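Same order as they appear, the protein sequences are chains E and R.
Following the working numbering, the numbering of the first sequence begins with 9 at its first residue and continues without gaps.
Following the working numbering, the numbering of the second sequence begins with 114 at its first residue and continues without gaps.
Treat the hints as calculated values from the structure; they're not laboratory data.
Since the model is a prediction, treat every value here as computed from it, not as a measurement.
Be aware that one or more of the hints could be misleading.
[Claimed, not checked] Partial chain E-side listing against chain R, Cβ under 7 Å, derived: (1) ILE37; (2) PHE177; (3) ARG180; (4) GLY183; (5) VAL190; (6) LEU200; (7) PHE205; (8) GLY214.
[Said to hold, decoys possible] Calculated Cβ distances over 10 Å to all of chain E for the following chain R residues: (9) ILE117; (10) ASN152; (11) ILE207; (12) VAL214; (13) ASN314.
[Claimed, not checked] Straight-line Cα separation of at most 30 Å, DSS-like style, residue types lysine-lysine; simulated pairs: (14) E:LYS188 x E:LYS97; (15) E:LYS188 x R:LYS133; (16) E:LYS266 x R:LYS133.
Beta carbons: idealized from backbone N, C-alpha and C, even for Gly.
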Amino acid sequence: MGKLYLELIRIRFLTLLAYRVNYYSGIIIYAINIGAYYFLWGAIYGGQQQLGGLSVEQMTAYVAIAWMSRAFYFNNIDMEMAQEVREGKVAIEMIRPYNYLSVKTAQAFGEGIFRMLFFAAPGIFLISLFIPFQFPSTPEAWGMYLLSLMFAFVINTQLNLLTGLVTFFLFRNDGMMRAKRVVVDLLSGLVLPISFFPGWAQTLMGYLPFQAINYYPSVIFTGAIPASRAWQMIGFQAIWVAVILIPIFVLWRRAQTKLVVQGG
Amino acid sequence: MGEIKHVLGIFATYLGQYFKTRLAYRTDFFGELVSNLINELINLVFIVVVFQHVPLLNDWTRDEIIFIYGFFLIPYALFSMFFGFWDFNERYIIRGEMDRVLTRPLHNLAQVCLESIAPDRIFGVITGLIIMGYAAIQLDLSFTWYDPFLFVGLVVSGMLIYGGVYTAIAAISFFSDSRTGISPMIWNIQQYGRYPVDVYNKVIRFVLTYVLPFAFVGVYPAAYFLRKETWYAYAAFTPVVGIVFFSIGLVVWNWGVRKYSGAGS
Numbered sequence: 009m010g011k012l013y014l015e016l017i018r019i020r021f022l023t024l025l026a027y028r029v030n031y032y033s034g035i036i037i038y039a040i041n042i043g044a045y046y047f048l049w050g051a052i053y054g055g056q057q058q059l060g061g062l063s064v065e066q067m068t069a070y071v072a073i074a075w076m077s078r079a080f081y082f083n084n085i086d087m088e089m090a091q092e093v094r095e096g097k098v099a100i101e102m103i104r105p106y107n108y109l110s111v112k113t114a115q116a117f118g119e120g121i122f123r124m125l126f127f128a129a130p131g132i133f134l135i136s137l138f139i140p141f142q143f144p145s146t147p148e149a150w151g152m153y154l155l156s157l158m159f160a161f162v163i164n165t166q167l168n169l170l171t172g173l174v175t176f177f178l179f180r181n182d183g184m185m186r187a188k189r190v191v192v193d194l195l196s197g198l199v200l201p202i203s204f205f206p207g208w209a210q211t212l213m214g215y216l217p218f219q220a221i222n223y224y225p226s227v228i229f230t231g232a233i234p235a236s237r238a239w240q241m242i243g244f245q246a247i248w249v250a251v252i253l254i255p256i257f258v259l260w261r262r263a264q265t266k267l268v269v270q271g272g
Numbered sequence: 114m115g116e117i118k119h120v121l122g123i124f125a126t127y128l129g130q131y132f133k134t135r136l137a138y139r140t141d142f143f144g145e146l147v148s149n150l151i152n153e154l155i156n157l158v159f160i161v162v163v164f165q166h167v168p169l170l171n172d173w174t175r176d177e178i179i180f181i182y183g184f185f186l187i188p189y190a191l192f193s194m195f196f197g198f199w200d201f202n203e204r205y206i207i208r209g210e211m212d213r214v215l216t217r218p219l220h221n222l223a224q225v226c227l228e229s230i231a232p233d234r235i236f237g238v239i240t241g242l243i244i245m246g247y248a249a250i251q252l253d254l255s256f257t258w259y260d261p262f263l264f265v266g267l268v269v270s271g272m273l274i275y276g277g278v279y280t281a282i283a284a285i286s287f288f289s290d291s292r293t294g295i296s297p298m299i300w301n302i303q304q305y306g307r308y309p310v311d312v313y314n315k316v317i318r319f320v321l322t323y324v325l326p327f328a329f330v331g332v333y334p335a336a337y338f339l340r341k342e343t344w345y346a347y348a349a350f351t352p353v354v355g356i357v358f359f360s361i362g363l364v365v366w367n368w369g370v371r372k373y374s375g376a377g378s
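Build the full structure now, drawing on both the sequences and the hints.
Spelled out as structure tokens, the structure:
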């Protein structure tokens, strides 16, 4: 069984490799975004040394790594699922001898590895040439960041599976999936580190899984928090992974009986 | 006159068709409205949260920045309403739909614009007006009798700037039928126009003023209403820039259409 999913990961990786030119423009897009926020934050800090628990240098590293982490964890499997439901392809997928959701996860992972190698890694190197920032100094810090990034990927993929599953009930929910994307960008800490938000908002967001997608790995990367706090964050991520599995199972059970194949 | 009436009639028909197709999936339609609204509000959240930590951003106050952002949303929403062919390459070139467009009696750019019109973006205009209005009240701005007319002129100019740049970019597809990936790039650059240009370094400021003049969509015209006299000259040039860049877009488009040889099957 494991071999099957490994193969799925490999195929998705190779498919993307064939269209890799598309991704070079992606690097530029991310560079544009990182540049915009880099200058903006520079102006925001002005003469101030520290804002929201981050120094200017840490903020620079945060902006760069937050976008590059997104390059890794971001995927469109919910849109793919929606399309397969709409076109009726999902019926064929469901009678195949594998689990549909695991297949989607494997494909997302193949895409993640591809984006990591051809997008995030060269991207972060390129950006470090233009915008000076500090990489984690110890192997332990790197390890914590990568572990946390892995969890971030899993949580984001789980949320995508959830919104993708909703298509089984609503038939068409592109709008909702797009709304989810922008909400994730804001609440995950991509545009604004969570520590900048007012206290009540931080408390509220503590009950939501979104900051585990970007804020945790990014702030671990900047080194603005002690190792004990970093491990605590990784622990929270592990808990979220387990918690989100429950609604996925419930929805998946229901979806199988509820499926209406539209056209096909 | 007859020609314009004709186009408006067709416009109304397309509008009717649009709402019929969209309202067939009602939850999706409202989902998209909500997602656009959230998208517009996220930047507002950013501004509000950041200004809880600092009093000024390069001498601009919070409400001034909010005003600029509200202003920016209006030409941007109009642009995305009328120039909604963000998938032009895929839809018209690769799938060969352009061949059909060329057989239509309307000008081909007008036809493409009509087919991809997105009237629900009118809500973006409303959001922009509300945000701008709020900031104007906070700043206690005063307006003269001709300001509304200038406002409309500046907004339309801003829309033409986006429209021109985007038309030119889309026209690249006529020369190369492979995917270019350039349009999402432009899509992302537009966000630089939201904040005062003096935030950025010289190179970016130059690009935003002369090459991809997105600063003329947000900061420069908004600075006029904020009575920032240093920027008056730029604000006055906005309509010129709008006309020039839209003309460039149109010329490139027409040139592309002449070169176009059809790629679809």
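Quick rundown of the hints versus the structure:
no. : hint                : result
1   : ILE37               : 5 Å, holds
2   : PHE177              : 10 Å, violated
3   : ARG180              : 4 Å, holds
4   : GLY183              : 3 Å, holds
5   : VAL190              : 5 Å, holds
6   : LEU200              : 6 Å, holds
7   : PHE205              : 6 Å, holds
8   : GLY214              : 17 Å, violated
9   : ILE117              : 34 Å, holds
10  : ASN152              : 5 Å, violated
11  : ILE207              : 13 Å, holds
12  : VAL214              : 25 Å, holds
13  : ASN314              : 7 Å, violated
14  : E:LYS188 x E:LYS97  : 24 Å, holds
15  : E:LYS188 x R:LYS133 : 25 Å, holds
16  : E:LYS266 x R:LYS133 : 26 Å, holds
Checked against the numbered hints listed earlier, the structure breaks hints 2, 8, 10 and 13; every other hint is satisfied.
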